[in-house]
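Enquirer: Sequence:
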Amino acid sequence: MDTGVMLATMLAESAAEGGHGGGLLEMAAKLFNFAILAGTLVYFLRAPIAKYLGDRSTQIRSDLAKASDMRVTAAAQLAAIERKMAALPGELEALRKTGAEEVAAEEARIRTAADAERARLLEQARREIDSQLKLAERVLVAHTADLAVAVAAKRVKATLTAEDQARLVDRYLGRLAAGPAADRQVTA
18 MDTGVMLATM LAESAAEGGH GGGLLEMAAK LFNFAILAGT LVYFLRAPIA
68 KYLGDRSTQI RSDLAKASDM RVTAAAQLAA IERKMAALPG ELEALRKTGA
118 EEVAAEEARI RTAADAERAR LLEQARREID SQLKLAERVL VAHTADLAVA
168 VAAKRVKATL TAEDQARLVD RYLGRLAAGP AADRQVTA
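Anchor point for the sequence shown: position 59 equals 76 in this note's numbering, and the numbering is continuous, going up by one each time.
These are computed hints drawn from the structure, not numbers from a lab. It cannot be assumed that every hint is accurate.
[Claimed, not checked] When the alpha-carbon atoms are kept at most 20 Å apart in a straight line, the in silico SDA-like pairs for lysine to any residue are as follows: (1) 114 <-> 98; (2) 174 <-> 163; (3) 68 <-> 58; (4) 151 <-> 163; (5) 68 <-> 84; (6) 171 <-> 182.
Put together the whole structure using the sequences plus the hints.
Expert: Right, dumping it as structure tokens:
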């Protein structure tokens, strides 16, 4: 049966009873008005509500799919981070090893450069010493010659008499008078 018919039947019964019909009739009228309002609302709002609920359902499914994709992406990123974290000690060891090799190579380069510099300085010192030695030898030879000449001059002065000196002067003057040819023969 229809709601309206049922409501009309209830009103008729209420009027027939007569006593409490006013309160019941009011209530039936309110129920009838509510039924009309509810029916009208359902009739006009069914399509927008169905569309909203369909859209909301689609959005929720889309959000769930995005969340699932994000969870998969996050899991992949977490796995990548865990792989990197697992590889980190190896990378650190490789960096330490590379650093130690570079330090050793730099130390070897510095040693080589220091050895080359030391060899250069030693060679320079040898040359300087040789040069100073030659200079000292020349000075010593010159001093020895000066001393030898001084000693010879002293001996000559001590042993040379006035007659010997006059004879030497005469011989020297004779050579000068004879000319350059005689001087060459005597000196040779």
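Enquirer: Compare the structure with each hint and give your call.
Expert: How the hints compare with the structure:
no.: 1; hint: 114 <-> 98; result: violated (24 Å)
no.: 2; hint: 174 <-> 163; result: holds (16 Å)
no.: 3; hint: 68 <-> 58; result: holds (15 Å)
no.: 4; hint: 151 <-> 163; result: holds (18 Å)
no.: 5; hint: 68 <-> 84; result: violated (24 Å)
no.: 6; hint: 171 <-> 182; result: holds (14 Å)
Comparing the model with each numbered hint stated earlier shows that hints 1 and 5 do not hold.
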